[in-house]
Each structure stands twice: as structure tokens, then as C-alpha cells.
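Trainee: Here's the letter readout for the chains.
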Amino acid sequence: MDDQDGGGYGRIGNLPDEDPTLTRVGLGTPMGELLRRYWHPIARSEQATPLPLEVRVLGEDLVLYRDMSGTPGLLTPRCCHRGTTLSIGKVEDQGIRCAYHGWLFAADGQCLDQPCEPDRGRNKDSYRQPWYPVVEYNGLIFAYLGPADRQPAFPRYDIFEDLGDDEEIVIIDHFAFGGPVEAPCNWFQTHENAMDPYHVFILHNAISGPQFDPKLEIWPRIDWQRHDWGVTATQDRDLPDGTTLHRVTEVRMPTMRVIPTPTLSVLGKTNNLSWALPIDDSHTHVYAMVRKPKEQPPQGLPIYGGEKRSFAPTDDEHPLYPGDYETQVGQGPITLHSEEKLSSSDRGVSMMRRQYKDQVELVANGGDPVGVTYDDANALVSVIAGNYIIGPDTDLETVPLPESLTQR
Amino acid sequence: MDDQDGGGYGRIGNLPDEDPTLTRVGLGTPMGELLRRYWHPIARSEQATPLPLEVRVLGEDLVLYRDMSGTPGLLTPRCCHRGTTLSIGKVEDQGIRCAYHGWLFAADGQCLDQPCEPDRGRNKDSYRQPWYPVVEYNGLIFAYLGPADRQPAFPRYDIFEDLGDDEEIVIIDHFAFGGPVEAPCNWFQTHENAMDPYHVFILHNAISGPQFDPKLEIWPRIDWQRHDWGVTATQDRDLPDGTTLHRVTEVRMPTMRVIPTPTLSVLGKTNNLSWALPIDDSHTHVYAMVRKPKEQPPQGLPIYGGEKRSFAPTDDEHPLYPGDYETQVGQGPITLHSEEKLSSSDRGVSMMRRQYKDQVELVANGGDPVGVTYDDANALVSVIAGNYIIGPDTDLETVPLPESLTQR
Amino acid sequence: MDDQDGGGYGRIGNLPDEDPTLTRVGLGTPMGELLRRYWHPIARSEQATPLPLEVRVLGEDLVLYRDMSGTPGLLTPRCCHRGTTLSIGKVEDQGIRCAYHGWLFAADGQCLDQPCEPDRGRNKDSYRQPWYPVVEYNGLIFAYLGPADRQPAFPRYDIFEDLGDDEEIVIIDHFAFGGPVEAPCNWFQTHENAMDPYHVFILHNAISGPQFDPKLEIWPRIDWQRHDWGVTATQDRDLPDGTTLHRVTEVRMPTMRVIPTPTLSVLGKTNNLSWALPIDDSHTHVYAMVRKPKEQPPQGLPIYGGEKRSFAPTDDEHPLYPGDYETQVGQGPITLHSEEKLSSSDRGVSMMRRQYKDQVELVANGGDPVGVTYDDANALVSVIAGNYIIGPDTDLETVPLPESLTQR
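Protein chains in written order, with this note's numbering: chain L, 78 to 485; chain Z, 78 to 485; chain W, 78 to 485.
Everything labelled a hint here was simulated from the structure, so no lab data went into it.
Quick caveat: nothing in here was measured; it's all calculated off a predicted structure.
Certain hints may be false.
Given that identical chains are not distinguished, each listed pair holds provided it fits within a single copy or across any two copies.
[As the list claims (entries may be wrong)] Capping the alpha-carbon separation at 20 Å, the derived lysine to any residue pairs in SDA-like fashion look like this:
id, residue 1, residue 2
1, Lys418, Arg197
2, Lys346, Leu478
3, Lys418, Met428
4, Lys369, Glu244
5, Lys434, Pro446
6, Lys201, Lys418
7, Lys346, Pro469
For reference, chain L alone in the conformation it holds in the complex:
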């Protein structure tokens, strides 16, 4: 094969392909339109305040604020009158007022006042600032950036229902336990990592020293399962005490990855899940939602190898103790699928790509993608990821086994 010739000369093609169908997130792009059919977390609730905040979501620059009545609003920044940014607007009881000529807009974009026009705007009802609907849920602000007639019901998740008095839900902005919260790379390469269990043995162990629970060093039986709603990976490890550690991770349309804590400090079904927010084509923010006892820290956090046992490596330490952040950002701003050599251990990655391409095509053909419902009664999602210990007395009905997982 041509790999075998004597060097790198001419090996880098002129037009390597980053797989634009899967990686572009802008308006009108294939994946961008798929993503615009779901709700996305765009900020923590406490970031929506009377001081307007500039946010970028799916490549769109927006202004987030919360008016004095407590209603959050998400508007395009360029005032529809003369174009000054609403990021310097003044928030009022109802809406935000442009600093230049005072047009006032409600959270649904409706113009409420035009103080320099006769009668404060005889036609003001006909002006509307471009806006997006938002929902607050457990400390996160979610927004829907898609077509108005396709706005889905807002989904809830079983693991965050029926909270006990001693429990709470917290939001953690992080990038896979160790790294800056915003990663300068495409969201999809961060997403694929969730269906790549093999890298744990290399990156999180052999390369950087054990970063997770020692039990995860035991080599498992690994399999992947495709579902309507996403992909799961199962890892089964025979533990010294005769039980089996059955670990299930999942990715779920559109950007959710459910990774039970790798410190194994929570057993059974997972207590957390994460969303990747595609800021734009080459920047990603990860929000994690964690259910926990009020008196305890969120969960066991991974440690770093060698002499480094820290959650937040310095710039100098990143290359010495690489983790998820370093390897995913190290694939470049948008990784090049055309330059890869996928192997048998990458089957989960391939499975994900096929599924996302199917959903992209479905949306392009006018359909509704998986997981979208317009009925609030159907909007409760049941996740299955977890660290399950299977012993002789375990009721297998309570465990999502590979066999059952593949029954579609």
C-alpha cells in the first residue's frame, strides 16, 4: 500500500475532509438543521441576569438577559431598528430597551415601546426583534433555535424526578473531568469519545497513570448496541469477589452523553448526564447535571497520574498528563474523518456516525428526528447508563443487559 513508501512527501492531501455533514452546526447545514430540532442548554440559570450576557449557540451570536419580573429572554443582539447591540441595552420590568433610541422588546421579541416615534410608536406592534424561546430546568437555561412549527415538548429525565428532601441537583460546567470548560474543537469529536471505551485503558491509565477507579483497569468484554434513540456501550468486568461490574454508557440524540461516574462512587443507574453545547463549528461547552445528597460533594472526581492529582491541570501540565480534553482538542479544531483509519475497537464510533447521518437525512427529508415529541405527556426520558454490580442474587430484570439492549 502507498503507506509503505519512504516518507511523508505528498501524503497530506490538498483537500482532507472533515465530514461536513456531521460537523457543521450553522443554520442551513445538515447537522445544524438536525440540532435545531431540539432544546439545548445555553447557560446556567444564574448567568441570566439584568446585565445582558453575550452567548454563542450553534454559531449564532445572541444576548441572554433576565428581566426584572424574572423572565429570561434570548434575542439576536442587533436591534431591529438601527442595529446597535442589545448587549448594552437596559433591562426593565418587562423586556430590554435598546440604549440608542429606546425601543423596548419583550422576551418574545415583541416591540413594546418606541419613545422617539409619535405616540410612542403607532405601529410598534408590527415590529419584533428576532428571539428564541427558553426554558429553565434544574438550574440550566435551555433554548430552542429551530423552526417555530417544529418546537418539541421540553424533555425531562427520570433520574432527576422525585427528589428527596436530602437531595439536590447541581450543574457542573466541565470538560470531561479535567480541562477548561470550553474546548476549542468541534462538538462531535467530543461526543464520539463517549462510545470509545478502549481509550480508557490507554489514555486514562497507561499514558497518564490511573485517572479512574482501579477496577476499571481490569480488561473488560466490550460491546456496542444501536438503539432508536442513540448508542450504548457495555463493559463487563469479572471482579475478584466473583461478581461482575456491568458498566453501561450511552449517547442520546442530539448531544447527550451519559457516563456513569468512572470513580465508581455511584453504583446502579447513573446520577448524572451531560450535554455538549456546540458553540460553533470549532468550540464546545459541556454542561453536566448531577443529582446528589445535599451533604456530599457532587461525586468522586478522577485523579491525575504521576505526581499530579488535580482536577485542573495547568497549561504546562496538559501535555504531560493528557486527558480527554487534550486528546479531543488535539484532533484539531475539526477533526478530519478522511484521514482516519478506523479499526475494530472503533466500532462504537462508526455506529454513532451512521446513526447521526440517518437522522440528518431524515430531517433533510422533512421528518422529525428521534426523541422529538410534541406531547408533554411523552416527554419523560428514561436513561439506562450505570455501573451495575451483578452477583448471584441480582435480579437481572433491574439490569440493562446487552441482550435486552439489542432488542429494538
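Start from chain L and add chains Z and W according to the hints.
Mentor: Leaving out everything else, chains Z and W in the frame of chain L:
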């Protein structure tokens, strides 16, 4: 209307239009050619020294220096011999010498010496460094960047003539009283602001607290007048003492805006005027020329709202107490006319745009734009802007009233 | 001529030409392909360590490392498996291992291990990371980035052969004696300077004060000679003692410039030579190799003019005491040949350009450029540059005179 649908999805067109006819300033662009038919201030006199200074004017990078005989010169930086920048050249009695091979150029570009050539350059007369003519006037250096056969007479202004012994003229680099002197936005959106009196009641009062004289808080009768040479706005306020404050502002081809001090510390005809220098398509510098008594500060400066009463807000204070700088820069590097919704209060803005488009077309068709004269005897300009108090005893002949203003 | 009209208006063409045939260095460009037929210095030996180093050579981003057995390797950074950068890989006894999934590559790119694949990679022999061959020579790492079947013998240089016990060879990264070691400009404009002896009298004397030995202030007879392998310049100066200082400088394919020390502290044949490394189209690094007595500093270094007598001017001092760095960087990132006016004193520059264009064409037509040999026995290069003193007793056979130089 389509504004009324449910959100921002798809609202941002792919090709919003910044109105390139009005906003581009480069060589060969419509407005660029109109601007190249006038003299522009490019630096304060004290900035022209034997240490060459890099300046950018209408998108062209140039080198300004003053030779030992006191003559300022404005040359293109790339030496016509081998291309080294003259910004590291050595200024001599007559001209500037390139540091690489020593070619010496006069302020009119003429090559005076080629020390490495036989007989120090037998053909040196045939080499000329690209250059532009400059004129010094009241502490500013003006340059003409247009075609040589269309170089107009240098204009003077009546308000700076016949200076008394106790008077002086000073130059203030500022951006509309509060803000960095260089604004990262297109010059035309800064220029339009001068014909937008309504924003004063919002931006400079309701939003940021009173920034100007309290009398300006009185709601006026506002009108605009188009003239051959520009546009004026008149604001008439009935004062408590029975007199009328008749305030006139003007914009004048090509980049002049004449705004009588908004602190009302100078009554009658204005004591100052300003030029916007288009540095390039997205950067603007404003030079103000002020006539004043030697013993007094230039004029009352505006104060800032809330607890902030400063001429120079910090970076943190800019969004909290927005002023002209924030709202004009907040329109983006080049604002998008296609995304605006001009209303009745924007009539002055519309009037300006029509006039500039007319002049652009006139120049494109080979004509000379308004205000250009080739006769020094006709080069004295009489401005009309001012803060005029009209009482029962006022001689109305001394006041530029709207009726007279509209007689063309 | 049109230079004579009244100013700079319209003088800057829309498409000035930087002579892309000579200045572009990327894969597939005319000069890029010529350069890819030679070995280039890419780093000092001590920079190749077990900590991978990112380097850029001819516009290609690469990773340099040295494995635990001492072998240096130069690979493309994007791992051929999933694309993570090998700059965060772990160096082992033989090769470098990707941090993500552990593929191990030897210095010749061969994949040696795939730990996540069955049997650690049954087909691993068929995978090869793009790589380039490297050679260490006298403290520099050289690499060959061209087609495998055209890899030339590695050249040696007579002036570095047969080192005495009291001698050593040192590497100096510098930019022509004064300036940062990396210059933000195209390599070719730095290279031309070596055939431009006239600038010495201006730049290094009249402009910045005497930077070299006072004898170089004497105006010489200057001539240039074209050879198969490059171009030489000769300068003959009649010294007060009746002898002649015969100074010869040379440029040699592809990027070598041999400049005998301008401090004249070494007489006879030169003790040093330099390579310009084209980092990319607009960045250049210069490596100098110097032979010297162990007990002495490398050689006399030039001094700076005026009050400044320093090898390393500060940022503020660069424009005040310009040297080679300032004038070459001052030509812009890539100088514009189309805007030049070459004169009689630029004959050496013209000669170089013609020769490089001939060689570019030769390679484009499938030939081997000058200086390339595939036989190690022919790979010893004899340089001729030097500061030769010719007196009545001098054996002229030992001096490379212009007459002999032009015999081809």
C-alpha cells in the same frame, strides 16, 4: 408580516447588506472615490517629526514625517527601489532616506540621491516615490489622496478666522466626548449620528443619566433641512424664561460634523467643528478643532450618569454608561443597512444617505462634488451650527432659522 | 514617465506580484518542490528530546522527538488512527506512542503496536505514520521532505572537516548578527541580501553607524560571478598598507549563504556558513555553523551604531539602529518584486533570481537540481568565501579571484 412568527430561526439572512456604496472607503470604491476628492486631517501637527510615523488613511498605509527644514511629507511606505519600509528611514534636511540602500526622497516623492549607483544616480530624476500633498492648518495636518488634476483649494472656516490676541485654537482627538479616540467601526455610522437628535433623549439621558446640559432634556420641535453642502437638524425648545433655544447641528461634505457644545457653555454660532477620518472600512478617528479663550479650558465637557462623572470611562464602565462610542461601535464594524427599520425619527439619517449617494454618483460620472473649488478666493466656508437663544429682542437676521435654511 | 504625476493616487496596483515562483515554499509550489530536493536544518540537536517538539518546515507542521534509544524522529502530528496530535504522545525505547489509543510508531513511521486491537494489531505492519528521514550533523538536525526516490546523499563541508583537538563546531541561531532568530518574512528576501554588498555602506554604516570592521568602510570594486552551484560577490579594497582585501561571499543552492565574518576577525577562507530555513511562506529561521578554537568566543560580533553597541537591540531600538533584520522584515511578509526598480547595484540580486528560476524549471521538468548527488563519495562541498589579504608575496593560487571564479 414575517416578523410575527415564532422566533429567530432563519431570520438572519445569508447576505445582509452593509450598503457598500456608502461604507467602503478604499481606492476605486464609490465612496472611496468621493472621499478622495477632498482634504482630510490625518494627524496633529506635533505628530509629524523627524521620527517617521505610520498612519492609515482611507485604507492606505502611509508614512508621515517632517524633515529638518520643517516640511512635512507623506509617502507610501514601500521604498520604490527594493521595498523596505520608509518607516525606518532617516530624515534629513530635505526629505527621507531609505535605510537599506540610501535612496533619498523629497516630500513630493522626487528621488534626490542614489548613493550606490554610478554618479549617485544618473537617472535619479526619473524615480519618484508615491506621495501625497499635505497642508498644515491650525494644528492639524491635512492630506489630499485623490487624482492630481482634481486637487481642490484648501478650505478655511469662518469660525477660525480673525483670532483675537486672547484666543487660540486647539485640537482635541476625541470620540464624541467620551470614549477612545479611535473607534473600531465604519466612519459613516458615526457620521449619521450627527443628524440623529432623538438619540440624545434616550442614550444621553434616560439610559445613562443626564450627560449634557439639563435644558436639553426639554423635548424640542425637531426638523431637518437638506442643503447643497450637507444637512442640518434644528431643535427648538421653549425655555422657562420665555425665550427659545434654537439649536442647529450640521453635517457637511465630506466628513465634517458641526455640533455646538451640548453643555451649552458656548451660545451663538459654534466655536468648534469636527472631522471624521476614515482610517479604513472599519476604523474611524475624530479630530475636533476648537476656538477658545486662552485662559479657559476648551469648553464644558459632558458628564456621565449615575455615580460616573468622567470623560474617560473604563472598559468596565462602557457598557454600564453607554454613550456615542458604545452605541456606534455597537452597530458592528460596518453596520447593516439592510437589517434596519428606519422610522420617522430617522429622517435626518435618510436625508444624509440620499445626499451622499447623489454625490457618489456625481463623482462616478466625472463631476466635481459639492464643496470643491479650485479657487482659493472661494475656499472660505461659513458654518451655521450653533446654540441660539431667541427672545423678543433678538434680531432674527442673525439666526439661521429653519425657513431660511430650507431656501436653497 | 507616469511616476512624474502629482501624487500617490492610484499608484498601488490591485494585484502587486510577490513573484510566487520564487517565494512560495509549500508542497506543489515551484520553489517548494525545488527546496524539497535538499536536506534542511530544522532544529538544534539538543531540541530533539523525549518531550515531543512541534516544528514547522516548508509550511508543514511536524513533530520532532528523540526516542530512548537516542534516535530522532520526525512525523506528521496527526496520528493516522484517529487524528490526535502526537505532540502529546509518549516517547518509548523505540518510537512514540499516541496518547489516545496507544498506537506506537517508529522513526520510520512503521506502526509497532495497536494495544486495543485483537493480538495488539494483526495488521499493524500495514499502517505507517507519515514521516521524514533525519540526519544529525555537527549539532543540527537535518530533514529531507522530498520524494523518497530522489533523496540525495547528505552533504558535508570542507571547512568543518579534520577538526583539531583544540577546535570545536558550534551552532548559532541568529538573524544576521542582531535581531530575533525567527524573522516574520519570506526566506528569499533574506537570502538575496547576501548578494547585495552595497547595502553595507548604507545600512551598516551611514544609517546606523559603523556596525562592522572599519576597513569595510573603504569603497571597494564590486563584481558578481554566476556559478553552476550559486552566485558569488567579490569586493576588492586597497588597504593603506598596500595590500588588497579580497572579500568573497557566496550563496549556494538551496538556502546556504556563506558570509565571512564582517568583523574581519577571521582571515582566509571562512570559518562559518548559514542556512535559511523557510518555516513557511512568511517566516524564516537562520542557523549558522561556526568552527572555532575551543578557548575563544565564536568570532567577533558586530557592534551597533551611535550609543548602541549591542548584539540584541530592544524593540524600541530596532527602528533607531536598523540592521539586516529591520530592512528585510521591513520589505513585508513577502516582498513585491513587481514594485521594485532594480538598478545597477542590484545585479547580484538579479543573478540569483535568474539562477533560482532556472533550477525551479529544471525540477519542474523532472531533472535533479544542482548540488544534488546520490553518491556519498561526491557529497563533500568545498566553499570558497573568505576575507583574503593579497600582498606582493601572496600565492594567488590560494585565492579565489574573480577571473578564476568566472571560469565555469
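Trainee: Compare the structure with each hint and give your call.
Mentor: Do the hints match the structure? See the list:
Proximity of Lys418 and Arg197 under a CA criterion of 20 Å is satisfied inter-copy only: 15 Å between copies versus 64 Å inside one chain copy. In the homo-oligomer, the alpha carbons of Lys346 and Leu478 lie at most 20 Å apart inside one protomer (13 Å), although the nearest pairing across protomers, at 81 Å, exceeds that limit. In this assembly of identical chains, the alpha carbons of Lys418 and Met428 lie at most 20 Å apart only when taken from the same copy (15 Å versus 49 Å across copies). Only within a single protomer do Lys369 and Glu244 lie at most 20 Å apart by alpha-carbon distance; the minimum there is 6 Å, versus 71 Å between protomers.
For a Cα distance limit of 20 Å, the shortest separation of Lys434 from Pro446 inside one copy, 11 Å, qualifies, whereas the shortest one across copies, 50 Å, does not. With identical chains, the CA atoms of Lys201 and Lys418 are at most 20 Å apart between copies only, with a shortest distance of 11 Å across copies and 58 Å within one. Proximity of Lys346 to Pro469 under the C-alpha cut-off of 20 Å is restricted to the intra-copy arrangement: shortest distance 19 Å within a copy versus 87 Å between copies.
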